[in-house]
Every structure is written in C-alpha cells, then in structure tokens.
Amino acid sequence: MNDALNASKKAQYEQCGELQRLCEILKTVLKKTTARRWKLPAALLSAAPLILSSRHSIPRAPFRYQDVTVRRGVRRPCNEAKRAEYLNYDARMRLAMRPPLATGAETIEKNLKND
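Terminal number for the sequence shown in the working numbering: 125, no gaps in between.
Don't read these hints as lab results, they were simulated from the structure.
Some hints could be false.
[Unchecked claim] Quick list of simulated restraints, FRET-style, between CB atoms:
id	residue 1	residue 2	range
1	GLU34	GLU95	52 to 60 Å
2	LEU97	GLU34	52 to 60 Å
3	ASN98	LYS120	28 to 36 Å
4	GLU90	ILE35	38 to 46 Å
5	LYS37	ALA101	57 to 65 Å
6	LEU97	GLN30	56 to 64 Å
7	LEU36	LYS92	38 to 46 Å
8	THR38	ASP100	50 to 58 Å
9	TYR96	LYS123	33 to 41 Å
10	TYR96	GLU34	51 to 59 Å
11	ALA94	LYS123	42 to 50 Å
12	ILE35	LYS92	41 to 49 Å
Computed from a predicted structure; not experimentally measured.
Cβ atoms here follow ideal geometry from the backbone N, Cα and C, with glycine treated the same way.
Using the sequences plus the hints, can you model the full thing?
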C-alpha cells in the first residue's frame, strides 16, 4: 500500500516539476520576444514539445481546424458550392441570352446595310 502511495506522490511531484519547467520556458520566451514580436511563433515552437508532452495538456485540434466557419477571412466550405451554383446560373443565362444577342447583331448588320 505504501509503495502505491509513494508512486502516486512521485508522479505528482514529476508533474509539478514538468509544469514549473514549462512555466519557466514560457516566461523566458515571452521576455525575449516582447521587443521582437515577429520572433514569438518560432520561440513558442521551440517550447511546443514540452507543452504537448505535458500530462495536463488537453488534446485538441489546432485552432485553425476548430469551427473554421466562425473566423472571418477564411473561405467556408459552403462558399465554394455557392460560387459553383452562381457560375452555373451565369452560364445558363449566357446560353439563354445568345439567340437574342445573335439576332440583335443580325438586325444591326441589316440596318447598317439598309442605310
């Protein structure tokens, strides 16, 4: 019984140490990159393995894959279908308008010849 308790306490200490290391890394990263914000992503990527290996991290999809339709400036999957529908409609309208346009061109030519 004592061995099981000691093992669980040891695991808790390891988790705390892991979190402390993670906090220290993030603090140093933020200190170094406050003046140079363009370096922030690269610096955070260097700390990513520790963040991902942490037992406390919740496995989630990256933000860019989470409910993409909410974000502005991102092409939604339904937009592609709407665009294809509009282009098909536009093509049908052009086909429908061809005979009148063609007859209009013929009448213009006839009128020019008659003048």
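Right, here's what the structure says about each hint:
1. GLU34 - GLU95: 52 to 60 Å: 54 Å, holds
2. LEU97 - GLU34: 52 to 60 Å: 55 Å, holds
3. ASN98 - LYS120: 28 to 36 Å: 34 Å, holds
4. GLU90 - ILE35: 38 to 46 Å: 41 Å, holds
5. LYS37 - ALA101: 57 to 65 Å: About 59 Å separates the Cβ atoms of LYS37 and ALA101, which means 57 to 65 Å holds.
6. LEU97 - GLN30: 56 to 64 Å: 57 Å, holds
7. LEU36 - LYS92: 38 to 46 Å: Once the Cβ atoms are compared, 42 Å apart, the range 38 to 46 Å for LYS92 and LEU36 holds.
8. THR38 - ASP100: 50 to 58 Å: 57 Å, holds
9. TYR96 - LYS123: 33 to 41 Å: The hint (33 to 41 Å, Cβ to Cβ) holds, given that TYR96 and LYS123 are roughly 39 Å apart.
10. TYR96 - GLU34: 51 to 59 Å: 54 Å, holds
11. ALA94 - LYS123: 42 to 50 Å: The hinted range 42 to 50 Å holds for ALA94 and LYS123, with Cβ atoms some 43 Å apart.
12. ILE35 - LYS92: 41 to 49 Å: 45 Å, holds
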